[in-house]
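S.K.: First to last, the protein sequences are chains A and B. All residue numbers in the first sequence are consecutive under the working numbering, ending with 313. All residue numbers in the second sequence are consecutive under the working numbering, ending with 473.
Calculated directly from the structure, the hints in this document are not laboratory data. Only a predicted model underlies this, so the values are computations on that prediction, with no experimental measurement involved. Don't be surprised by glycine CBs; every beta carbon is placed ideally from N, CA and C. Take the hints with a grain of salt, since some may be wrong.
[What the hints assert, rightly or not] Listed next, the in silico DSBU-like pairs over lysine-lysine satisfying Cα-Cα at most 35 angstroms (straight line): (1) 228(A) / 217(A); (2) 431(B) / 164(A); (3) 119(A) / 228(A); (4) 331(B) / 47(A); (5) 47(A) / 119(A); (6) 171(A) / 331(B).
[Stated by the list, open to error] Pairwise CB distance ranges, derived in the manner of DEER restraints: (7) 370(B) / 228(A): 49 to 59 angstroms; (8) 417(B) / 22(A): 39 to 49 angstroms; (9) 226(B) / 124(A): 47 to 57 angstroms; (10) 203(B) / 236(A): 53 to 63 angstroms; (11) 177(A) / 387(B): 41 to 51 angstroms; (12) 431(B) / 207(A): 29 to 39 angstroms; (13) 385(B) / 6(A): 34 to 44 angstroms; (14) 133(A) / 203(B): 15 to 25 angstroms; (15) 201(B) / 87(A): 47 to 57 angstroms; (16) 177(A) / 329(B): 35 to 45 angstroms; (17) 164(A) / 247(B): 31 to 41 angstroms; (18) 120(A) / 375(B): 47 to 57 angstroms; (19) 126(A) / 236(B): 57 to 67 angstroms; (20) 22(A) / 385(B): 32 to 42 angstroms.
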Amino acid sequence: MIPVLFGVSIVVFFLVRLIPGSALEMYMGTQVEATPQQMEELKRIFGEDKPVPVLYVEWLGRLVRGDFGYSLRTGRPVLPDILARFPLSLELTLFALFLALLLGIPQGIFASIKKNPVGDVINRIIGLLGLSLPQFWLASLMVLAFANSRGWIAMGNYVKFTVDPLKNLQMLFLPSLAIGVGLAAVIMRYTRNSMLEVLQMDYIRTAKAKGLKRRVVIFRHALKNAILPVITVAGFNTGYLLGGAIVIEEVFALPGMGRLALYAIYQRDYPVIQGIVLVIAALFVLVNLVTDLIYALVDPRIRLDEGRK
Amino acid sequence: MATNRLTRNGIAMTGLVIVAFYLAIIVVSLFWLPFDPVTMDTQHLLEAPSLATGHVFGTDEFGRDILSRIMKGCSVSLIISIFATALGAVFGTFMGIWAGYLGGRWDHWIMRVADVLFSFPSLLLAIFVMSILGEKTFNVVFAIGIVYIPQFARISRGAILTIKSNEFVRAARSNGASSSFILFRHLLPNILVPLIVQVSLSLSVAVLLESSLSFLGLGVQPPAPSWGNMLSGARKVMVIAPWTAIYPGFAIVLLVLGFNLLGDGLRDILDPRLRNVR
C-alpha cells in the first residue's frame, strides 16, 4: 500500500508540473509588478527556487505533516477546506454502497433461483441497462421529477447529519441512488453468477437431500459462499462511487468534496485540485486494503500472509 | 463458425444492431442533417417536439434542432470513445504482454506503474488529466485512454502468463524465434479473445466518461455538440423544456447499452470461461 501511495504522490506532483505556466505566474496575473527582490521572495514562497526533484521531496515532507499548501484563490490552507467537505462525500458514497447492496444482492439471489429463459434475458437486460445509465442523466431526471417535492432535493439548503439526521438522509437518498444504481447492477450480476455456481455444488445437493428447507439451503448454505466474490467487487467499486459523487454533487448542488474539486478546476486552483486528488486516491487505496481484510475475515480459508509472494 | 454463433446469440446481435444503427447515423450525418446543429435560431427557442415544425425532438435554448445535434454529437462521442479505447488498448496491452512475457523485475515495475494508475477512480483521473491539459477534444481522448492503460495491462498480462509456458512457445524459441516474434506472432493472437471483450466493454464506459466530462464542461466545448454538453445546457431549462434533457440522455443510454450487450454476448460466444468476469 505504501509504495502505491508513494507512486500516486509522484504522479500527482509531476502531472501538476505539466501545466503550462507556473502557479506563481497565475497568481501574478492579477497582481501589480514586483521588484526583483520581491520576485525572489515570492519564488521561495511558491517553491519555485529549486530543482524539481528537490521540490518533490520537500513537498512530500510537508504533505506527510498535513500541510497541503494554500489555495491560490482564497489563500486558505487546502487541507482544512477539504476535510470540511469530506464527511458529506463519504456519507454519499457509503449510502450509495448500501443502496447498491440492498438492491443488487436480493435481485441477484432471486434471479439465480427463479431461472427460466425469458426471466434470464430480462434480468440480463435490466442488469446491463443499470450499467448503461449515465449517473448525471439519471440525477438530472430525478431533479426534474422531484423538483416540486419538498425535502427530497437539497439545492443549496443542505442539512448536516448532525443537525437533523432524518432530513439529511432524505436529502441524500436520491443522489445516493443515482450514484449507486450502476454498482447495484454490477452486484446483481455477480450475485447471480456466483449463486448459480455455488448452487451446482455437491454440498448443496447434500443439503437438499437431507431434507433441509429450501430457504435454509439458499441462505445458510449457498449464500454464505456465494457472497464472497460479491464483497470483493463491491469493495473495489467503491472508488467508482467516489468518482460518481463528483458529478452527482454538482447536479444536486451538494457542498461536498467533488463540488470543491470542480470549482477548483474551473478556477485553475491547482493546490486544491492536487489535494483532493490525493485524498481520494489515498482513500481508494485504503478501501481496497480494507476489502482484502474483510475478505480474509469473512472467509476463514483465506489467510493474507499465504497470498504474499 | 464464430459468425454463425454470433447470429444465434440474441444478446450480441442486439448489441451489434444498435451499434450499427449509430454508425449508420454517423454516415448519414456526414451528408444530411435536418437542420444546422450549430446556428442559433432565435425565432424557435425551446420549441416542443412536433412533426409540423420539423423539429421532431424539439429545439434547445438557442433554438437549435435537438435531433440534428444528437446526430452530429454521435460522431463526436463515438470517435472520441473509439480513439480513447484504442489508445488504452494498444499501450496497455503492449505493457501487459511485455510484463507477462519478461517476468521478473520488468514485470514487477510495469505492474507497479499500472497499480498506481489503478488507484485513481477513473472519472477522477480523467477529470484531473483534463484540468491539466485543458479542454480540447484531443485531450479528452488522452484523458479517457489513460484510464484504460492499467486495465488492458492487467488483462493481457494475466492472459500471457497462462499461455507462455505452453509447448508451442518453447518450440518457437528452440527454432530460434526472437522474443518479439514469439510475443506478437504466437502469443498475442492467443490472447485476443479477452481483449476483444474488454474493448467492447471499454467502449461503453468511454461513452459514459466522455459524456460526463462534457457535462461538467471539461470535455467537448460548445458550440460543438456532444451529448454530454447538450445535457449540461439542458440543466438550466429542463424544468420548462424536459425534451432538452430526455432525448440526448436516451442517445447515450442506447449506445452504451449496445456496447454492453455486444461485449456481454461476445464473452458468451468467444469464451464461456470468462462468463463470471465483471
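S.K.: Run every hint past the structure and note whether it holds.
M.R.: Evaluation of the provided hints:
no. : hint                                : in the structure
1   : 228(A) / 217(A)                     : holds (16 angstroms)
2   : 431(B) / 164(A)                     : holds (26 angstroms)
3   : 119(A) / 228(A)                     : holds (20 angstroms)
4   : 331(B) / 47(A)                      : holds (30 angstroms)
5   : 47(A) / 119(A)                      : violated (68 angstroms)
6   : 171(A) / 331(B)                     : violated (41 angstroms)
7   : 370(B) / 228(A): 49 to 59 angstroms : holds (52 angstroms)
8   : 417(B) / 22(A): 39 to 49 angstroms  : violated (26 angstroms)
9   : 226(B) / 124(A): 47 to 57 angstroms : violated (42 angstroms)
10  : 203(B) / 236(A): 53 to 63 angstroms : violated (33 angstroms)
11  : 177(A) / 387(B): 41 to 51 angstroms : holds (44 angstroms)
12  : 431(B) / 207(A): 29 to 39 angstroms : violated (59 angstroms)
13  : 385(B) / 6(A): 34 to 44 angstroms   : holds (36 angstroms)
14  : 133(A) / 203(B): 15 to 25 angstroms : holds (23 angstroms)
15  : 201(B) / 87(A): 47 to 57 angstroms  : holds (53 angstroms)
16  : 177(A) / 329(B): 35 to 45 angstroms : holds (37 angstroms)
17  : 164(A) / 247(B): 31 to 41 angstroms : violated (51 angstroms)
18  : 120(A) / 375(B): 47 to 57 angstroms : holds (51 angstroms)
19  : 126(A) / 236(B): 57 to 67 angstroms : violated (43 angstroms)
20  : 22(A) / 385(B): 32 to 42 angstroms  : holds (38 angstroms)
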